[in-house]
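Peer 1: Sequence:
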Amino acid sequence: MVSGASTNTAELVPFPVPSSANKATAAVGYVAGFDGLRAFAICAVVAFHARLLSFPGILYGVDIFNALSGFLITGILLKEFEKRGTISIRSFYLRRALRLYPALIAMLVVYLAYSYAFRKYPDRTLPQALIGLLGMVNWSRALSWYGLRDLGHLWSLSIELQFCVLWAPFCFLILRRWKTPEALAIACLGLFLIIQLHRYGLVSRWTMGRVSGRRLYDGTDLRLDVFALAAAARAVLAGRTAFASRVQEWIGRYGGVVLLSGVFLHVYLGWAFTFRQYILSVVITNAVALSCVMLVVGVNSAPQSFVVRILGWAPIRTFGLISYGMYLWHYPLIQLFPWRVGVETRALGVFMLSIVCGTLSYQLIEKPLMRKKRETPPARQPSAPSELICSTASRAQEGASDIRPASNA
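Residue 1634 in our numbering sits at position 359 of the sequence shown, with consecutive numbering throughout.
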């Protein structure tokens, strides 16, 4: 492993230790502000699904989750390649399955038990649960395979699962061939551009009535753009070329500006454009992706800024910690909650029950599994104190990187 790079060359140097000037951009360890972002996103999505709020920008919460996923998971894979010189795809799959599936299975078991005990047509629930378990809800919606009345919100979790399946091999192939974060950043940007060309072609087919709006919104092939852009940003922050160093220094100095710009851009896009414009305009879609990545990079790079301190405030951060459970439970609760009580009362009831279910999921399922994973000794002992620190920080960040995709619109 090379620990530095010459300041007068653009040679690609694999995985050096960041200099002190760039430590603000390193994204090592737990970042409380990320849970704050999750908190605002999940609360907005629950409010939208409960029909309490309806402006278009509230649908962008899923893009925030996707940006967090691309940024943090890419960081985990980069650290693993730096430490071991390879990426264990099997171990990565096992870790992600252990993080995402137990809480999902618990929700599906309760959902099926309730449906068979109290609902009029329980036989319709089993196919929905199986599609959700297999991580194919988004394609079921996009291609109209099967009606998903109660579990349609799992479309975004399905995209998350498919991203995890694809991303570890993608990063492994790029890093094994070119060895550097810069090469991965270039590959991610290339993937992002390919997706935009593909999106433009599908939008053209939509104008001729050959594809549906759901296909444009739910398809994994189009949803990977935010993941790829966030991954490119994370790879740049790990790079050591002269250009990457300048980017890191600039972001480390102006991270607060990046964050505030992302906030204003995100809010503006949310209020100024309709959902139809969002899925049909390549420019608006790219602007939303950029705003989400700016939010993530800003939170990562400006931990002392006023906005990040608000996001890291304990009451807000708590909602981020339980956001995955809230995401899993809120939509089935909405379907089961009676409409006759009124929109506001119904929304409040769903919100409170989602908090209870999310808290139980986190305390009884997610937190014990994460603790067990952190307490598991590594496969091989680090050879130096600095490697021990890197290993510990990597496991801590992975525990904090759990993505809560949370939209069904």
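Misleading hints may appear alongside valid ones.
Claimed, not checked - Label-pair distances were calculated between CB atoms; the ranges are: (1) 1590 <-> 1538: 12 to 22 Å; (2) 1402 <-> 1611: 12 to 22 Å; (3) 1326 <-> 1422: 17 to 27 Å.
Since the hints were made in silico from the structure, they are not lab data. Cβ coordinates follow ideal geometry from the N, Cα and C atoms, glycine included.
Peer 1: Now, for every hint given, state plainly whether the structure supports it.
Peer 2: Each hint, compared with the structure:
no.: 1; hint: 1590 <-> 1538: 12 to 22 Å; verdict: holds (20 Å)
no.: 2; hint: 1402 <-> 1611: 12 to 22 Å; verdict: holds (18 Å)
no.: 3; hint: 1326 <-> 1422: 17 to 27 Å; verdict: holds (20 Å)
Hint compliance for this structure: every hint is met.
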